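S.K.: Here are the chains, one letter per residue:
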Amino acid sequence: MRRIALQMLFGDSAKFYGILLGLTFATLLITQQSAIFVGLMTRTYAMIEEIPQADLWVTDPTLQFVDDTKPMQVTALDRVRSVKGVEWASPLFKSILVAKLPNGGRQLCDVIGVDDATLIGAPAVVVEGKVEDLRKPDAIFVETRGARKQLMQPATDDPNGPKRPMQVGDVLELNERRAVVVGIAETRPSFQNVPTIYTTYFRAIGFAPANRRTLSMVLVKAIPEQNIQKLKERIEHETGMTAYTPEEFSWKTLNYWMTQTGIPINFGMAIVLGFLVGVAIAGQMFYNFTLDNLKYFGAMKAMGSTSAQLLVMVALQGLAAGVLGLGLGLGLTSAFGLSIPAERLAFKLTWYLPLISAAAVTIIVVGASLLSMLKVIRLDPKEVFSG
Amino acid sequence: MSGTLAIEGHGVAKTYGTGDAAVTALRGVELSANFGEMVALVGPSGCGKTTFISILAGLLSRDGGSLRLAGIDPDELGNHERTLWRRTNVGFIFQQFNLVPQISVVENVAIPLLIRGDARKPSLERAADLLQQMGLKGREYARPNKLSGGQQQRVAIARSLVHQPRILVCDEPTSALDGDTGQRVMQLIREQGCRVDRLVILVTHDDRIFHFADRIVHMDDGRVTRVTDAKIEVAALRAVVAAEENTE
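Chains as they are written, first to last, in my numbering: chain C, 1 to 387; chain P, 388 to 635.
Quick caveat, the hints were computed from the structure, so don't treat them as lab data. Any given hint could turn out to be false.
Keeping only pairs whose Cα atoms sit at most 30 Å apart, straight-line, the calculated DSSO-like set for lysine-lysine is [what the hints assert, rightly or not]: (1) C/K252 with C/K295; (2) P/K508 with C/K15; (3) C/K295 with P/K533; (4) P/K533 with C/K15; (5) C/K100 with C/K149; (6) C/K295 with P/K524; (7) C/K230 with C/K70; (8) C/K136 with C/K221; (9) C/K295 with P/K508; (10) C/K70 with C/K252; (11) C/K94 with C/K84; (12) C/K70 with C/K84; (13) C/K15 with C/K149; (14) C/K70 with C/K221; (15) C/K94 with C/K136.
The structure displayed is predicted, hence computed values, not measured ones.
Please take these sequences and the hints and turn them into a complete structure.
M.R.: If you want it as structure tokens, here you go:
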């Protein structure tokens, strides 16, 4: 009877493809929108993940998220260094500055200044050049996405002619100061989607407009065996600043974007819409499919099928439609994600997103199946005599 | 088995609903029938035929009277036991065939065997044998909607007989068919369905097929009003028709 149940489903091609289309589309919409949302949210704290050496990030107490830099006095660095349990503390500069490009164009850039001595905070994956080259005069690194996109330069003397990515040797201006590209680095895409420029801390201060407070953050490494939470409490107590573990800082940043912006609502609506599409198309069609077949279920019931046998048939039909719809939807979502480069779209299909989609499809299919099953259970077999 | 009682019903009553909304469908039906017989239930719409065959098929419980079907009272069985009893003992031919359109003819015929848990392969083989007997060799793997109405009803007959039931219930089996096809279908039911150990109950409005039955049970207003020998009744009907033709 199970095989017959599946044949009944697959044999009614119009309804089967309708159900499949509904479930596939719902899965695609739910998974794709969730993946873009997760991708975007992950990018909000990409910088924190880029600097894995730090056990703690020390910031101004009023800072709300990683890009919300509230400059501190330079003395804050020494105060942190003096806290017991700190192995090293490095300054970090971070600010959005306008770069004047070789072709005369201007572009907002995220400028990060790392410790001059240790270069802690410099990009880990270098595509061209050496990190140590940052110590050369006027040296900067640019990251690959920016180099290939917003920082593209004319390949010939013709400013309207073909363009090439920014490369080592190119010279730009930051706040009317000369900056020479000495390396290209691969970094995680950031939420703000502006090119990131790396340089040393003191050079970055020079690039930025004059400001009494120049220290954006302090990166802290604890001595071995030091309890990080205790060190964090000590730093906060002794300096009056706030210290975060990388996880806490990431969550704080994520929480800001989740609660203080409309992004989750927008994506949430798209995801709910996907679910409703699934309910409206697939759920409704599956229910209608069962209604259409009710007279055959009634005939089977008259011929001696138990309600349990018929329920297994309906459940199997729901399961088959659900698995196929989910599989196709996830496949299409993956293909979508693979076909669009990361610099163009924040797309991150994590392991739990297919599970969320599976749960949504299960709710749609189980809901429609339960309604259908109620019809089958209540089916009066003598109705088959009604003609 | 011929001559042994297949149905013994006394004062069978059934009422739908309660209070002011109550509708009495059967008001004390008296009927006995033997294995080996084909009994036609006839009467106007609303006379209680459908309710009565539903009770005879074990699909509906009665409210009053006594009834024994092949030696047992279906109302003494629980719901599940009654379903299992029906699975083994009753075959159905429906007015609208009720063949599942998405599966092949042979699979449709095998459904009663698959319902009771028989293995698929021997079930299909047995169904194919029966289809051959019904003159449908070569159409086993066709979809029902590719067959004519007469062929579909032959498939339905095969399905009703494949598990060798003791009671065959035929609900208006010719109403969806033209006259000639209806005659051929009834001939097939008579040839393949009637056996000494089986009772065939036929519900019909079509007096052109009365002659296939052994007895005709007339019902009206929830009661059996008379039971006649089909041959005598058919002869009388033909005499009336001939007289009318002569008058014209």
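S.K.: Can you list which hints this structure breaks, lowest number first?
M.R.: When the structure is compared with the hints, numbers 1 and 13 turn out to be violated.
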